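*Asks:* Sequence:
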Amino acid sequence: MRLRLVALMALAVLLAGIAPGPPEIRRPNFWGGVATGAPAPAQPQRGGRLVIAMSVETSTLDVHALPHSWIVEANQYIYETLTDRDDQGRVIPWLARSWRVTNSGKTVTLNLQPGVKFSDGTPFNAEAAKWNLERKLKEKLPFHDLITSIDSIDVVNDMTLRLNLKHPALHLMATLSLKPLAMMSPTAFRKYGKDIAVNPVGTGPFTLAEWRKGQFLRFKRNPDYWRPGLPYVDEIVLRTIPDIAVRAQALEAGEVDIALHLSEVDIQRMQSNPKYRVTSAPAWGQYYMPMNNHERRGILNDRRVRQAINHAIDRKAMVDTIFLGVGARVSDAPGLTSGIFGYAPVGTYSYDPARARALLAEAGWRPGPGGLVERDGRALRLRLVTRRGAVKGDIQIAETLQAQLKAIGIDLRIDVLEGAIFLRTVTQPPERADYDILNLTVGTFNGDADYLFNLLLSCKAWPPARFNRMFYCNPQLDQILEKANVATDNPTRLGLYQEMARIVHRDAPFIILFDIVYSVVMQASVHGVEIHRAGNFPARFAWTEKGR
Numbered sequence: 031m032r033l034r035l036v037a038l039m040a041l042a043v044l045l046a047g048i049a050p051g052p053p054e055i056r057r058p059n060f061w062g063g064v065a066t067g068a069p070a071p072a073q074p075q076r077g078g079r080l081v082i083a084m085s086v087e088t089s090t091l092d093v094h095a096l097p098h099s100w101i102v103e104a105n106q107y108i109y110e111t112l113t114d115r116d117d118q119g120r121v122i123p124w125l126a127r128s129w130r131v132t133n134s135g136k137t138v139t140l141n142l143q144p145g146v147k148f149s150d151g152t153p154f155n156a157e158a159a160k161w162n163l164e165r166k167l168k169e170k171l172p173f174h175d176l177i178t179s180i181d182s183i184d185v186v187n188d189m190t191l192r193l194n195l196k197h198p199a200l201h202l203m204a205t206l207s208l209k210p211l212a213m214m215s216p217t218a219f220r221k222y223g224k225d226i227a228v229n230p231v232g233t234g235p236f237t238l239a240e241w242r243k244g245q246f247l248r249f250k251r252n253p254d255y256w257r258p259g260l261p262y263v264d265e266i267v268l269r270t271i272p273d274i275a276v277r278a279q280a281l282e283a284g285e286v287d288i289a290l291h292l293s294e295v296d297i298q299r300m301q302s303n304p305k306y307r308v309t310s311a312p313a314w315g316q317y318y319m320p321m322n323n324h325e326r327r328g329i330l331n332d333r334r335v336r337q338a339i340n341h342a343i344d345r346k347a348m349v350d351t352i353f354l355g356v357g358a359r360v361s362d363a364p365g366l367t368s369g370i371f372g373y374a375p376v377g378t379y380s381y382d383p384a385r386a387r388a389l390l391a392e393a394g395w396r397p398g399p400g401g402l403v404e405r406d407g408r409a410l411r412l413r414l415v416t417r418r419g420a421v422k423g424d425i426q427i428a429e430t431l432q433a434q435l436k437a438i439g440i441d442l443r444i445d446v447l448e449g450a451i452f453l454r455t456v457t458q459p460p461e462r463a464d465y466d467i468l469n470l471t472v473g474t475f476n477g478d479a480d481y482l483f484n485l486l487l488s489c490k491a492w493p494p495a496r497f498n499r500m501f502y503c504n505p506q507l508d509q510i511l512e513k514a515n516v517a518t519d520n521p522t523r524l525g526l527y528q529e530m531a532r533i534v535h536r537d538a539p540f541i542i543l544f545d546i547v548y549s550v551v552m553q554a555s556v557h558g559v560e561i562h563r564a565g566n567f568p569a570r571f572a573w574t575e576k577g578r
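Numbering (this note's numbering), first residue to last: 31 to 578.
FYI, nobody ran anything at the bench for these hints, they're computed from the structure. Among the hints, a few may not be true.
Stated by the list, open to error - Label pairs and their computed distance ranges (CB to CB):
#, residue 1, residue 2, range
1, S134, A495, 27 to 37 Å
2, R532, D181, 29 to 39 Å
3, V228, E285, 22 to 32 Å
4, R532, V446, 30 to 40 Å
5, N303, K196, 51 to 61 Å
6, G394, V228, 29 to 39 Å
7, A495, R413, 15 to 25 Å
8, R299, T132, 47 to 57 Å
9, R532, T137, 32 to 42 Å
10, N303, E429, 25 to 35 Å
11, Q509, P459, 21 to 31 Å
12, E285, A239, 12 to 22 Å
13, G525, D264, 50 to 60 Å
14, V295, L260, 34 to 44 Å
Claimed, not checked - Lysine to aspartate or glutamate pairs mimicking DMTMM-like chemistry, simulated, CA-CA at most 20 Å apart:
#, residue 1, residue 2
15, K147, E294
16, K346, E429
17, K136, D181
18, K513, E169
19, K221, D332
20, K490, D175
21, K490, E325
22, K160, D175
23, K346, E294
24, K513, D175
25, K147, D175
26, K221, E164
Small disclaimer: the values here were computed from a predicted structure and weren't measured. Ideal Cβ positions, reconstructed from N, Cα and C, are used throughout, including at glycine.
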């Protein structure tokens, strides 16, 4: 509840028309996270390097072209956004030092930070900011949909930018904190073109030194970074280690300083060891399983079958066995978690195999040979696509679902794909989407429900342009969404979002599983690692004790 009130207060500040002053970087207590391990020394120490073990490598360092907002770890060391988030999840100034909203919410004037330069030496100013936003919109790059409320952009002076909106967009300043909307050097883009993907230039605390695809990215300290005294470390290395067990082994062997997405067994074991520090916090994300609702697949386009599958799942047992009762929480809202503006606790599907079988029977699926249900002589067989070790519990979740669906007469085949192939699979249009169920996580990365409904649930959000991998389409929901997109006050928006949440819960386009609890494990000598509820683990201003 406290985080929800914080989100409402931040939006109230925006409506009042003036942003708070320049941010002070505060550490730790990251997003309300719980840290264990030895206390930090009194003062940050300079020098050294951090090696971070990650599950998935970024596909590009053209931050505007990021196809997935959860693959931001590499880009966030190079690029920065106009706004950011503080350690309580509130929107704060960053490259925009303040802003004012006028004209009944249809004009936003941004005052930019003076003295900021891109790492190629060119100035960050209003012309550069305008170019970045216009590139995103004109090229219709990923996530441009979130800023289509912008009608035109004016450069008032070197450090002042005016956004003229088609209609009030109460989520806009929160949205501008998303890394895919970060600022890159227009000069560098004109120089490199599409090769900006391997020659990134931003305003951030680090620059790219080396990228060995599939192995690691190495960043070096930006000596001209605009925040005095930052960053602390000289280098950050991101190692790509897809296997969850190997990431834990690398941390224990001292090969890496920080490991992301470890298993709950490893996290709990390391939590009791003073050699390591563990920081955990609830996320703005969920484990969920998109079901292919498209009619060409011929099974999951029936809402009763989707509801039956949701009733077949014992979520509490999964949380207790896979996440040991602490790494996840049973979700009570489709796609939204507490603290997100628009969160509506509509409940979850009860574990009720009898109800599941009854729904299947209503849809024409009746008991057949071999324990499977069938219709017109055809057994109910589905294909689930997943990865191995990219996120904790992915294979266990898939195998548990397989067993629970078998109990109601559904045969579920599990296909485990390598990371890059998996990412291609989940971005196909409906005619090439060769799956029935996917094993994924979903995050509302700007902390506002407009992200979920516009990019994940709208009829306009089908891949490859957006992320409605269910190919779900309910015109009633889209009509309500259009009203929410142009609403001029937050109470109205909140009511519309909650109405949509009830529709999604009824339609069950995906399997609703658990709210994510993020944990990051590091050597006890590492300090200042943040956990963002949006789903990334920035170590921009982390530091290590001397001697490492």
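*Asks:* Next step is simple, just say for each hint if it's right about the structure.
*Replies:* Results of checking the hints against the structure:
1. Separated by about 31 Å at the C-beta atoms, S134 and A495 satisfy the suggested range of 27 to 37 Å.
2. The hinted window of 29 to 39 Å between R532 and D181 holds, with their beta carbons roughly 32 Å apart.
3. Restraint check, V228 to E285: a C-beta distance of roughly 26 Å satisfies the suggested window 22 to 32 Å.
4. The hinted window of 30 to 40 Å between R532 and V446 holds, with their beta carbons roughly 35 Å apart.
5. About 55 Å separates the C-beta atoms of N303 and K196, a value consistent with the hinted range of 51 to 61 Å.
6. For the pair G394 and V228, the supplied restraint of 29 to 39 Å is violated, since their beta-carbon distance comes to about 53 Å.
7. The hinted window of 15 to 25 Å between A495 and R413 holds, with their beta carbons roughly 24 Å apart.
8. Restraint check, R299 to T132: a C-beta distance of roughly 55 Å satisfies the suggested window 47 to 57 Å.
9. One distance hint, 32 to 42 Å for the beta-carbon pair R532 and T137, holds here, with the actual separation near 34 Å.
10. Under the hint 25 to 35 Å, the C-beta atoms of N303 and E429, about 29 Å apart, fit the expected range.
11. At about 24 Å, the CB distance of Q509 to P459 agrees with the hint of 21 to 31 Å.
12. A C-beta distance of roughly 19 Å is found between E285 and A239, which places it inside the suggested range of 12 to 22 Å.
13. For G525 and D264, the Cβ-Cβ distance of about 51 Å falls inside the hinted range of 50 to 60 Å, so the restraint holds.
14. Take V295 and L260: their Cβ atoms lie about 36 Å apart, and the range 34 to 44 Å holds.
15. Of the pairs offered as hints, the one joining K147 and E294 is violated, with about 42 Å between alpha carbons and a cut-off of 20 Å exceeded.
16. Among the hinted pairs, K346 with E429 is consistent with the structure: their alpha-carbon atoms are about 15 Å apart, no more than 20 Å.
17. Taking the CA atoms of K136 and D181, the gap is near 10 Å; set against the 20 Å cutoff, the hint holds.
18. For a cut-off of 20 Å, the pair hint linking K513 to E169 is broken: about 26 Å separates their Cα positions.
19. Taken as a hint, the K221 and D332 pair is broken in the structure, with Cα atoms around 52 Å apart against an allowance of 20 Å.
20. For the proposed pair K490 and D175, the alpha carbon gap of about 10 Å is at most 20 Å, so the pair holds.
21. Simply put, K490 and E325 have alpha-carbon atoms about 17 Å apart, close enough for the 20 Å limit, and the pair holds.
22. Between K160 and D175 the CA atoms are separated by roughly 17 Å; this keeps the pair inside 20 Å, and the hint holds.
23. Simply put, K346 and E294 have alpha-carbon atoms about 16 Å apart, close enough for the 20 Å limit, and the pair holds.
24. In summary, the hint linking K513 to D175 is supported, as the alpha carbons are separated by about 16 Å, within the 20 Å threshold.
25. Simply put, K147 and D175 have alpha-carbon atoms about 28 Å apart, too far for the 20 Å limit, and the pair is violated.
26. Note on K221 and E164: the hinted pairing holds, with a Cα-Cα distance of about 18 Å set against a maximum of 20 Å.
The structure fails to meet hints 6, 15, 18, 19 and 25 from the earlier list, while all remaining hints are met.
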